[in-house]
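Trainee: With these hints in hand, go ahead and build the complete structure from the sequences.
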Amino acid sequence: MTLKLQHITQQFQDGDDTLTVVENLDFEVNKGELVAIIGPSGCGKSTVLSIAGALQTPTSGDVFINGKNISNYPKNKLADVRLKNIGYIFQASNLVPFLMVKDQLKVVADLNNTWDEKRADELLEAVGMSHRKKQHIQHLSGGEKQRVAIARAFMNDPELILADEPTASLDASRSEEIVALIAHEVHTRNKAAVIVTHDESVLPYCDIIYEMQQGKLVKQKETSQ
Amino acid sequence: MFSLSIKEMTFFKLKYLLIGFILFFVAALVFIISGLANGLANDNASSMKELEVTNFYLAEDSENRLDRSQFTIEQAEKAKDASAFGVQMQTTEKGKDGKKIDSTFMTFENEKLLPTIIEGKMPQNANEVIVDKTMQEHGVKLGSVLYLPSVEKKVKVSAFTEHFTYSHTPVIVIQPALWEKVGFTYNALVSTSGTPAQSIDGDWSTKEDVVAQIPGYSAEQSSLNMMLSFLIIIAVFVLGAFFYIMTIQKVQQFGILKAIGAKSKSLIRATMLQVFILSITSITLAALFAYILPLFMPEGMPFVFEPTVILSYGAALFAVSLIGALISTISIVKADPIQAMGRVE
Chain F
1 MTLKLQHITQ QFQDGDDTLT VVENLDFEVN KGELVAIIGP SGCGKSTVLS IAGALQTPTS
61 GDVFINGKNI SNYPKNKLAD VRLKNIGYIF QASNLVPFLM VKDQLKVVAD LNNTWDEKRA
121 DELLEAVGMS HRKKQHIQHL SGGEKQRVAI ARAFMNDPEL ILADEPTASL DASRSEEIVA
181 LIAHEVHTRN KAAVIVTHDE SVLPYCDIIY EMQQGKLVKQ KETSQ
Chain S
1 MFSLSIKEMT FFKLKYLLIG FILFFVAALV FIISGLANGL ANDNASSMKE LEVTNFYLAE
61 DSENRLDRSQ FTIEQAEKAK DASAFGVQMQ TTEKGKDGKK IDSTFMTFEN EKLLPTIIEG
121 KMPQNANEVI VDKTMQEHGV KLGSVLYLPS VEKKVKVSAF TEHFTYSHTP VIVIQPALWE
181 KVGFTYNALV STSGTPAQSI DGDWSTKEDV VAQIPGYSAE QSSLNMMLSF LIIIAVFVLG
241 AFFYIMTIQK VQQFGILKAI GAKSKSLIRA TMLQVFILSI TSITLAALFA YILPLFMPEG
301 MPFVFEPTVI LSYGAALFAV SLIGALISTI SIVKADPIQA MGRVE
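Chains as they are written, first to last, in UniProt numbering: chain F, 1 to 225; chain S, 1 to 345.
Keep in mind that the hints were calculated from the coordinates and are not lab data. Misleading hints may appear alongside valid ones.
Computed footprint of chain F on chain S; a stretch qualifies when at least three of its residues, placed anywhere within it, have a C-beta under 8 Å from a C-beta of chain F [as the list claims (entries may be wrong)]: (1) 4-17; (2) 246-258; (3) 333-341.
On a predicted model such as this, the values are computed, not experimentally measured, just so you know. Glycine residues also receive a C-beta, built at the ideal position from the N, C-alpha and C atoms.
Mentor: Spelled out as C-alpha cells, the structure:
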C-alpha cells in the first residue's frame, strides 16, 4: 500500500467555533491506481490531499506513506518525504520562474543529489516538451507549463503522485490531454496517484472515484482496466 | 543550490543590479569619507605622524597639549634618554613683499628626528631652515629669505621636506641654537622608545594622545567619524530593508520549493550566497573606485587611500549586509509549503 490514511480528523479554528472539515477518514491507494476525489468547493478534498502530501499535519490520525507512519515526523524529515516519495502537480503549475524547462527538473534532482540528465530528457520526451527544454517558462502556455510540472513530479521517481486540480486553469480539450497524460504516466510507471478535481471530463481516465461527503470519502465507482 | 542562486541573479539582472548599485554607492561613500578623514589627519598633523617618536614628556597639568607645556632651557638640559622638542605656531613673512604665511616653527635637539630632505641641502648654520614643500604654494623657493616677525629675525630656506605640517600649516624647522637665541622655550621632551624617568616635573604621554590635542584635529576627525558611523548605521537599515523586501517577494517561491522538498536550510544558504556574491562584488568595486578616485580629484584635495582602513570598513559593510540578509531569512523559515496549493485554509 503506497498511501494509507487512518482515522484522519482535521479541524480548523474559526473564531470561537471549531470547524471539522475531515472527520475520522480512512483512505488507501495502491500501486498502479489512479484515484480521483471529487466534491463541491470547500468540502475539504484539498485538505485531504495536503495531509496525504505531508504538507499539513492532521489534528488527529495517522498517515502512512510506503508503510511508514509520518504523522510525528519533524519538518525536515517531512521535507525529505516530499522530496523522495511524493511528486506534486499543482493547480498553478508552480514552476520556478527564472529557470529553463530542463532546469525545472534539475532543481528537484539536485535537492536529492541525483541529477540524471537522460532521465530528464526521457521525461520531457514523454510529456512532449523535449523540443522546448531550453526555453524559459515565461514563454510557455498554461498547458505546456503543466506538462513540465508533470515531468517534474516524476523526476525523483516517487511512489506517490498527487495532483490538485491540475486542469482548473486549462480549457476542456487541454485538460483532457493533461489528465490522459497523467493517467498514462501513472500506469506505465506503476505509481499510485490521487487527483483532486471537480472537472467531470477527467473521470473516465481514473480507476477509482471517491466523493467527499460530510468529511468522509465515499467510493462512487471502480473500474478495472 | 549554487547554480540556482546564480541563475536567479542572471535572470533578474535589473533587480540584483539595483541592490548591487546601492551597496556600491554606500560603500564608495564610506571609503571616500574615510579617505578624507585620513587625508585631513595627514594634512593636519603629518609632521607628528612622520616623527619617529613614541612618547612626549609634558609639563604637569598640560592635558596633553603641547602649547600648554613649557620647559626652560635649563630644565631641558636635565633630560635623560630624551631630547628637547619645541613647537610654536607663528606667522612668517615672505622676503621683500612681506606676505604673511601661517606656519609652525619646530625645533629638534636630536638631529636624528629631522625630516627627510627632498630638495636642497642640510642647514649649515643657525640662520638656515628646512621648510615643508607646501610653502612653495606661497612662492617660497630654495634660498628664499623668510622673516619671523615675532622675534624679528631673518632666516634662509636651505631645504624642502614633504608631509611635514602641523595644524594644517607648513612647518619651518629651526635649529635649537636659533630657537634658544630668540628666547623660545621648549614644549616637550621626546623619547624614541619608552618612558625613561625624568628629574623635572611632568608626565609622559603617548604620541596618539598628543596628536589628538593638536588644534582642530579632534574636531575634524570626530565629525568625519560621526558621518562614517551614521553611514554604517544607515547601511544596516537600507540593506536590511532591501534584502527583506527581496525575500518577502519570494515567499511564495520559497513555499513552492519547500513543497517539492527543499529544506529551509538550503533556501537560506542559497539566499545568503546571493548576498555574499553581491556584497563582495559591490564592495570590491567600490574600493577600486576609491583607489582610482584621487586621479580625478582636484589638486590639493586631502584624500589618502589607506588599504588597512578601507579593508576594515569594507569588512564592516560586508558584515552589515550579511546581518541584514540573515534577519530577512526569518521569512524563509516561516514560508509555509502549503502555499503551493494555491490556497491557505
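Trainee: Confirm or reject each hint.
Mentor: Right, here's what the structure says about each hint:
Check result for the stretch 4-17 of chain S against chain F: holds, 5 residues qualifying (beta carbon to beta carbon below 8 Å, three or more required). Under a criterion of three residues with beta carbons nearer than 8 Å to beta carbons of chain F, the stated coverage of the stretch 246-258 of chain S is upheld, 4 such residues being counted. Counting residues of the stretch 333-341 of chain S whose CB lies closer than 8 Å to any CB of chain F gives 4, which reaches the minimum of 3, so the coverage claim holds.
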